[in-house]
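Student: Residue numbers (the UniProt record's numbering), protein chains in the order written: chain A, 1 to 414; chain B, 1 to 414.
Take every hint as true, because none was put in to throw you off.
Sample of chain A residues at the chain B side, in silico, Cβ under 8 Å:
no., residue
1, V39
2, S52
3, G53
4, D69
5, T124
6, I127
7, P212
8, I214
9, G216
10, D252
11, V292
12, V320
Derived CB-CB ranges, DEER-like:
no., chain 1, residue 1, chain 2, residue 2, range
13, B, E367, A, G391, 50 to 60 Å
14, A, G306, B, A139, 35 to 45 Å
15, A, P42, B, E273, 51 to 61 Å
16, A, I141, B, A155, 23 to 33 Å
17, A, G362, B, D373, 46 to 56 Å
18, B, E273, A, A413, 20 to 30 Å
19, B, G86, A, T28, 54 to 64 Å
20, B, T397, A, A92, 57 to 67 Å
21, B, D93, A, A41, 38 to 48 Å
22, B, T395, A, A315, 49 to 59 Å
Bear in mind the hints are in silico, worked out from the structure with no lab data behind them. Because the structure is a prediction, the values reported are computed rather than measured. For each residue, glycine too, the CB sits at the ideal point set by N, CA and C.
There are 2 protein chains.
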Amino acid sequence: MSGHIMLTSHSRGSGAAAAHPIQWGAATPAQRGPIIASVSAPQHRNAIGTHSGSYAIYRALAVAAGNLDRGHRPDFTDTAPAEAIGPHPQWADARNIVSLDPYGHMVASAFAEQIAAGVDIRPTIAITKAHINMPELKAAIDAGRLRPDGQILMANGDVRVTKAAIDPVWYLPGVAERFGIKESLLRRNLFEQTGGMFPELITRSDLKVFLPPIGGMTLYFFGDITQLGKPETRVACRVHDECNGSDVFGSDICTCRPYLAHGIEVCIEMAQEGGVGLVVYNRKEGRALGEVTKFLVYNARKRQVGGDRAETYFARTECVAGVQDMRFQELMPDVFHWLGIRRIDRWASMSNMKHGALVEQGIEVVERVPIPDELIPADARVEMDAKVAAGYFATYTPAASDELALPKGRGLAE
Amino acid sequence: MSGHIMLTSHSRGSGAAAAHPIQWGAATPAQRGPIIASVSAPQHRNAIGTHSGSYAIYRALAVAAGNLDRGHRPDFTDTAPAEAIGPHPQWADARNIVSLDPYGHMVASAFAEQIAAGVDIRPTIAITKAHINMPELKAAIDAGRLRPDGQILMANGDVRVTKAAIDPVWYLPGVAERFGIKESLLRRNLFEQTGGMFPELITRSDLKVFLPPIGGMTLYFFGDITQLGKPETRVACRVHDECNGSDVFGSDICTCRPYLAHGIEVCIEMAQEGGVGLVVYNRKEGRALGEVTKFLVYNARKRQVGGDRAETYFARTECVAGVQDMRFQELMPDVFHWLGIRRIDRWASMSNMKHGALVEQGIEVVERVPIPDELIPADARVEMDAKVAAGYFATYTPAASDELALPKGRGLAE
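If we strip away everything but chain A, and leave its shape as in the complex, we get:
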């Protein structure tokens, strides 16, 4: 470790950004250039932030405790994607994809020469295969809704999937444009609202790429993913924003896990019909407000005078958090551009925000598939009524406006 600590890095002209320029939206990895956000050789860096989001803090502990050599370079033997994705024509327009690196899964091959020459370039996307098994899918087989085929779905409920993990890589001018704001305003707020994270956001306007320390996304594919990008390929999809309390523990205050399981059913059916199913799992706990805020809001909803009811559902979040939602679906469509998807035939979501974001990005949604009524837990009626009243898509008759005042949620002590 050298004795000198660089507190902020001002552009020095002959530095990495000049040696390894990034041309965002270029049609080939060679033209685009590698994104270098590793910290083992700071002089090569051409991006702000580093890899694996918030796990960089753990890497710091590992180095500080002497468990990890700070100069360690990954050995990429046998790690290449289990399935190829792209390139798709959408990659060649800087405005289509602004929050992930379309070449992030192929760096070990596309930049093999630079890596061999000592530049520490790391993947931001990894693609593998797995078998998954959710009790709900076995139940769907037993109920006759799903039919095992021995290839995609086994009789014991096992499902063959391809899956991809994607870390966020933000092209700051593109993110700013997506929100209709100036890049300088975006940079300033990223700096100030994080308590001063990364002064380079302010000092290094020449660095256009930022790897924010936020959770990424996981994709689960059902069926033959090499068919993606062909106009005739039918696609079913659920974009699911993380809700640990329901997704893992089955909390009954919302519809998250039931809708996820239903979305997977829809995806399996599509794959069995020769199309492709896709679940996008975004790490945006509690509408990207985090779980502490979420639990504060639960208490406020269940204790308020008049009980937990649809008409005050959004207001309770706003009182605590200042906003109803911070998920910002504006960036969500990027993953569809990455996969070459221009049309979603079956869309397992009722969210008008998600739907609007897709339409805005020119992605057609053919059929919207709401959650079946019988899958909505009793305590989740408050949320469902409130969302449908606020413009969520539903096939059933929405609750009458006077019904929104009725407490349908359980009290805190019940």
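Keeping the supplied structure of chain A fixed, place chain B upon it in accordance with the hints.
Tutor: Quick look at chain B alone, frame taken from chain A:
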């Protein structure tokens, strides 16, 4: 927004750290003082970083996009903890708890005066109640392993729980001491390995408290949590480190969700016998290496010459990540000190690292409960054999050393 941007904040003597001193490990909130990490009034801050970990980036988007007033103050009406926790004697020793704020759930009442005077103090812990329902628990009832009692466990599998979300709050001198390193080395690595996050780690040695942008933890309590802290109260516990692929989707390459479900069974039984069950869910995906690294390792394991086998299980992770594991169980016992727990009667974990960390912190583990053999998925045998060979606790005969060379894992194409 003022025109001036402060890039690094050097101590100015008369600043917040002086106006709101923090005495870590004090026996009352008044003596300890509030931790002020909100950004609405920078002059009050006495900590590095800000609230809700990585979601600060989303808050920045919300402010930049004009959706959130940057001066918003939370309305804490009706948000107070649904159950009281503490104070416990353990809180009054600065060495017991170094990675969470023991007063984090009671700030709205303990610091009501300061909040009324305009200081933006926010909770780092929230406590609510819920009903959860996991298909595995209904199956355990049907199999006769669990018995509904109408209070804790209902006949339909619903379980009444208290739950708490905890954001990390690190007392840097204490964290450094826990790892046996100098505080200055810890600070320097936190700065360098994150790509230069928070220069204050270097420039503000007077600021001792850091809210790192990492995932926190969620606690699920079964039974009467007011009994915690009494020596006679029997406690069952599973400390579970997040594994999204198994916890949510039921991937069969590991034992995560099956062991979690089994741990919850053990917790329910303990609550039904008058004790308290506790699940600690830590956001440390892929051994805190993140999911991109995890999937790269899966590919390397399944493609290596000789197949996926126990003898190379840890080596494949080390090739890619440079370490086998970055979860650092050293900080894990803090939550037990927070809850006043000195003895765990039934401990649903086989990890020698978790067990060692508890013993190091003076917490007695009476009985270790391994995962029942029949819950281990076939593809997870590689992991289980490797861990047991490396010192994990097991009741069954570990695999013979020559068996560790046998490929028991599925190939990538299967």
